[in-house]
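J.: The primary structure of each chain is shown beneath.
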Amino acid sequence: DAGVTQSPTHLIKTRGQQVTLRCSPKSGHDTVSWYQQALGQGPQFIFQYYEEEERQRGNFPDRFSGHQFPNYSSELNVNALLLGDSALYLCASSSWPGTSGGDIQYFGAGTRLSVL
Amino acid sequence: RKEVEQDPGPFNVPEGATVAFNCTYSNSASQSFFWYRQDCRKEPKLLMSVYSSGNEDGRFTAQLNRASQYISLLIRDSKLSDSATYLCVVNRGDMRFGAGTRLTVKP
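These protein sequence lines are chains A and B, in that order. Per the numbering used here, the very first residue in the first sequence carries number 1; after that it's consecutive. Per the numbering used here, the very first residue in the second sequence carries number 117; after that it's consecutive.
Derived by calculation from the structure, the hints in this document are not laboratory data. Backbone N, C-alpha and C define an ideal beta-carbon position, used for all residues, glycine too. Treat the hints with care, as some may be off.
Sample of chain B residues facing chain A (criterion: CB under 8 Å; computed from the structure) [stated by the list, open to error]:
no., residue
1, G125
2, N207
3, M211
Result set (DSBU-like, lysine-lysine): computed pairs, CA atoms no more than 30 Å apart in a straight line [as the list claims (entries may be wrong)]:
no., chain 1, residue 1, chain 2, residue 2
4, A, K26, B, K161
5, B, K222, B, K158
6, B, K161, A, K13
7, B, K158, A, K26
8, B, K158, B, K118
9, B, K158, A, K13
10, A, K13, A, K26
11, B, K161, B, K222
12, B, K195, B, K222
13, B, K161, B, K118
Work out the full structure: start from the sequences and follow the hints.
T.: The following block contains the structure:
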């Protein structure tokens, strides 16, 4: 049973560029959440997708956008990259909150983004 | 003030020690609570859910006090393999993480 998978594992971009990160949820999960984790900090919630729609959003600018596909996989897009976007980007999957066990999230290994 | 606040640490303890982590949260509408463990440069992994009645899993005991908006984690008989960062997590529809408390268990 595959867990949450993310790609790529590492990425180096320059300021102003755009990046797309990908996530496949754990088998049986239909909800995907994205987080940004800066060095020495806890993960910060970016947004959550369910049924191909953004359901909740944290305090992140519109440069951060996402998508969920019919197979429940998801993408995180960041436009006009800033140096401060350098971080570990984590994807977590779960069942839809409110369902049994739906409040427990399982994380992928993350994508480490460096913006130069 | 951060929504979820944890002991800043780091905690450096000898093997066999008992160590306690504290966490407070500010949003009284929070619905569920967890401790996650994160090893260096790895993803967070669920350690245990936290309930008002308290719950225990082997050497780990977690407690929730909703009235005080306080969560705790107790680790007994610390092992070298317990060295990690412990993240307090509050779910209020979306997951809010504390900054984490780093634990190092030394021989």
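J.: State for each hint whether it applies.
T.: Verification of the supplied hints:
1. The closest approach between the C-beta of G125(B) and any C-beta of chain A is roughly 11 Å, which is over the 8 Å cut-off, so the hint fails.
2. Checking N207(B) against chain A: minimum C-beta separation of about 5 Å stays under 8 Å; hint holds.
3. With a cut of 8 Å, the hint placing M211(B) at the interface with chain A holds, because the nearest CB-to-CB distance is about 6 Å.
4. For the proposed pair K26(A) and K161(B), the alpha carbon gap of about 14 Å is at most 30 Å, so the pair holds.
5. The suggested pairing of K222(B) with K158(B) holds, with an alpha-carbon distance near 21 Å, which does not exceed 30 Å.
6. Between K161(B) and K13(A) the CA atoms are separated by roughly 28 Å; this keeps the pair inside 30 Å, and the hint holds.
7. As the CA atoms of K158(B) and K26(A) are separated by approximately 17 Å, the hinted pair is consistent with the 30 Å bound.
8. A threshold of 30 Å between alpha carbons decides the hint, and for K158(B) with K118(B) the separation of about 24 Å falls inside it, so the pair holds.
9. Proposed proximity of K158(B) and K13(A) is supported: the alpha carbons are some 22 Å apart, at most 30 Å.
10. A hinted pair counts as satisfied when its Cα atoms are at most 30 Å apart, and K13(A) with K26(A) qualifies at roughly 28 Å.
11. A C-alpha spacing of about 22 Å is found between K161(B) and K222(B), which places the hinted pair at or below 30 Å, so the restraint holds.
12. Among the hinted pairs, K195(B) with K222(B) is consistent with the structure: their alpha-carbon atoms are about 8 Å apart, no more than 30 Å.
13. For the hint pairing K161(B) with K118(B), the CA-to-CA distance comes to about 22 Å; that is within 30 Å, so the pair holds.
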